[in-house]
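Participant: If you want the building blocks of each chain, they are given just below.
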Amino acid sequence: MTHRSGVNLVVAHALEAKPLIGFFRLRRQLTAKPYPIYGGEEGICLIVSGLGRKAAAAATLHLGKWQAQQMGAVSGWLNIGIAGHQKLAIGEGILAHKIIERASSSCFYPSQMFSGFHTGDVISVDAPELNYPENAAYEMEASGFYASAMRLANTELAQVYKIISDNPFNSIEKIDARFVSDCMSGQIDQIQRLVSGLQELAEVYNDAYQLPEAVMQLGSKVNPTVTQQLQLKRLVQRYHALNRSDELNDFLKKSFNSARQLIAELELNMRQSGGR
Amino acid sequence: MFSAIYIEEEVADTARVESILQKFPDIPQIRCERYAEIFNRKAQNFRLQKRAPALILAKKYGKLVLPAPAGYGFDASASYYFSHMLNCVYDCRYCFLQGMYRSANYVLFTNYEDFGAAIDDVIAQSSGSSVFYSGYDCDSLALDPVSNFCRFFIPEFSRHPQATLEVRTKSTQIRHLLEMQPIPNCVIAMSFTPEGAAARWEHKVPAIGKRIEALGKLQKAGWKVALRFEPIIFGSEIFEAGAKAIDTLAAYRQLFIEVFEKIDPSTVHSVSTGLFRVPLSYYKNIVKLYPDEALFARQTETRQGLVLFSIDRESEQLEALEKLLFGFINRQQYYRCA
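Here the protein sequences line up with chains A and B, keeping their order.
Mapping to the working numbering: the first sequence position 116 is 1607, numbers consecutive.
Mapping to the working numbering: the second sequence position 318 is 784, numbers consecutive.
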């Protein structure tokens, strides 16, 4: 993987995943079990969750945990899949601005971070909806995905994008493998835009919040307590923010009797040289 | 302008909301039960959200008019504030709102009539004069073309000459004010920091020259205007950008000259200064939000629950700044915010 921040794609079915795997040049990660997980050079990861909100929720959490062992940076999250709609034409894409879980009536509101997309309500149902009673996209995974994604990232970094596969004039019965592939491929430009947007946001987030290496390096010299670790982290952040990271090299070369001594000397040096 | 507009079901069919929505037909309009579902939820990042903030149209319940915090304002009379809006369209790095709210979205409470009734009640219960501040949790003028704040609240105060309204702002959105007849008990208070500080920390805020120009137009039109030189952040390095390096006092001298070239000091209602100060809990949140910001890497100290930047010779520097200011205004016009 490169340094770019990642985006995780959560897809219910292998048929929906196939065009994405091809487009993003993803390869099966053989160590990842029990879900099929695919990864690529650009930090994009894809998991095939299986059908339904519970499966989507579990797979999303699984991927988050699996990834935490691999990297540690925050990623963007995108649930992609086909959906039915009362009004939209076959092949149109819809970015969720509200997700309603029909079984519980819970609502989720993904932050609207990207312009230029058709947005709308997405209703997660437990069985295919054939009557399309509301002006919304009907599907089965979004609410489960979103609830789990919120445990792994901020609301700005999780989105749901659905591609219309059926409506009152085009029955769900007509959906086959070729049709799903065509639906997904027809929206690949919009999907790529979303992935790039999420990648950029994740990059901004990670640039701002990723722990400077010096925190670990200094910490490893003195075995700090949890409180001291937090003090050390903030001091190192301050040196970085004030463009004084070079001064930390001197501390890395020195020995300290305790974490307390290291922190005191970092603070003293900060004060003596201004720190304001 | 907004990434989306969320609309509480309860206000969705009101004329004020419908009129706002008509102005933005191409922005996603999303219904919600209560604004807190979006505004107060967990797992939000104010900093990321500030890149694409949404507008939330809602109804305010509970206490609509509150006592102003101690030290806020120009008058010893009973002081209150009301917030028809939460959050600001600008992105000032020093702003306490970043540490106060989880969300960077703007909440506009559209039940102005309820605010009006609450203001009427407070005035009726006050024995003498009173002051009402707007612009504590937002910038009241910045969104005026959308909110029509002035068109509702100026007439409200025109009915209560014993009460004063201060509208604190950094905005140049003065069209509605210029269309109205000035009232003597409304003060438009414009905030300024010197050029270097504004360039570095006041993102999306109109340029100083534009703000002065707007305030000058209001003054000429007969509105009472006030000047708020806040927050004062001492520390010469903020002005050491290249060849134009100057110290804090010199930066303020330049600012005062620029301001008083266009603003007639003799009719200015009041002038104030105030150091940067933020409640401790908000400051902690802000530091978490911007761990990489040099401003928050400074030495700080806490006084009575407020975080301030540690300054050498603080009183001396403040007095020097005040002395500078008294070269332009008289002392009776001035107060220092606690």
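Any given hint could turn out to be false.
[Claimed, not checked] Partner residues aside, some chain B positions facing chain A, computed with beta carbon under 8 Å: (1) VAL477; (2) ALA481; (3) ALA509; (4) ILE620.
[What the hints assert, rightly or not] Pairs of lysine-lysine residues, derived as DSSO-like cross-links and limited to a Cα-Cα distance of at most 27 Å, are as follows: (5) B/LYS690 x B/LYS789; (6) B/LYS690 x B/LYS676; (7) B/LYS789 x B/LYS516; (8) A/LYS1712 x B/LYS754; (9) B/LYS728 x B/LYS789; (10) B/LYS683 x B/LYS516; (11) A/LYS1724 x A/LYS1712; (12) B/LYS728 x B/LYS516; (13) B/LYS789 x B/LYS750; (14) B/LYS508 x B/LYS489; (15) A/LYS1578 x A/LYS1712; (16) A/LYS1556 x A/LYS1545; (17) A/LYS1724 x B/LYS750; (18) A/LYS1545 x B/LYS508; (19) B/LYS508 x B/LYS754; (20) B/LYS489 x A/LYS1556; (21) B/LYS525 x A/LYS1578; (22) A/LYS1724 x B/LYS728; (23) A/LYS1556 x B/LYS670; (24) B/LYS670 x B/LYS789; (25) A/LYS1556 x A/LYS1665; (26) B/LYS690 x B/LYS728; (27) B/LYS728 x B/LYS754; (28) A/LYS1724 x B/LYS789; (29) B/LYS670 x B/LYS489; (30) B/LYS516 x B/LYS690; (31) A/LYS1724 x B/LYS516.
Please keep in mind that the hints were generated in silico from the structure rather than gathered at the bench.
A virtual CB, placed ideally from N, CA and C, is assigned to each residue, including glycine.
Participant: Against chain A, run the beta carbon of B/ALA509 and see if the smallest gap drops under 8 Å.
Facilitator: Holds - the Cβ of B/ALA509 comes within 8 Å of chain A, reaching about 5 Å at its closest.
Participant: Is the hinted pair B/LYS690 and B/LYS789 satisfied, with a Cα-Cα distance of at most 27 Å?
Facilitator: Since the Cα atoms of B/LYS690 and B/LYS789 sit roughly 24 Å apart, the hinted pair holds (cutoff 27 Å).
Participant: Are A/LYS1724 and A/LYS1712 close enough, with their CA atoms no more than 27 Å apart?
Facilitator: 14 Å, holds
Participant: Can the restraint linking A/LYS1724 and B/LYS789 be considered satisfied, given a maximum Cα separation of 27 Å?
Facilitator: Given that 27 Å is the threshold and the Cα spacing comes to 41 Å, the pair is violated.
Participant: So, B/ALA481 near chain A? Judge it on the closest CB pair being under 8 Å.
Facilitator: With a minimum Cβ separation of about 24 Å from chain A (threshold 8 Å), the hint on B/ALA481 is violated.
Participant: Within a Cα-Cα threshold of 27 Å, do B/LYS728 and B/LYS516 meet the stated pairing?
Facilitator: Given that 27 Å is the threshold and the Cα spacing comes to 33 Å, the pair is violated.
Participant: Between A/LYS1545 and B/LYS508, does the CA-CA distance stay at or below 27 Å?
Facilitator: 22 Å, holds
Participant: Quickly compare the C-alpha distance for B/LYS690 and B/LYS728 to 27 Å and report which way the hint goes.
Facilitator: Holds, at roughly 15 Å.
Participant: Next pair to validate is A/LYS1712 with B/LYS754; report whether the Cα-Cα distance is within 27 Å.
Facilitator: Holds. A/LYS1712 to B/LYS754 sits at ~25 Å (cutoff 27 Å).
Participant: Is it true that the CA of B/LYS789 sits at most 27 Å from the CA of B/LYS516?
Facilitator: With a Cα-Cα distance of about 38 Å, the restraint between B/LYS789 and B/LYS516 is violated, given a limit of 27 Å.
Participant: Starting from A/LYS1556, check that the Cα of A/LYS1545 is at most 27 Å away, please.
Facilitator: 17 Å, holds
Participant: Given the hint that B/LYS670 pairs with B/LYS789, test it: the Cα-Cα distance must not exceed 27 Å.
Facilitator: Cα-Cα ~31 Å, so violated.
Violation of the numbered hints given earlier is confined to hints 1, 2, 4, 7, 10, 12, 13, 14, 15, 20, 21, 22, 23, 24, 25, 27, 28, 30; the remaining hints are satisfied by the structure.
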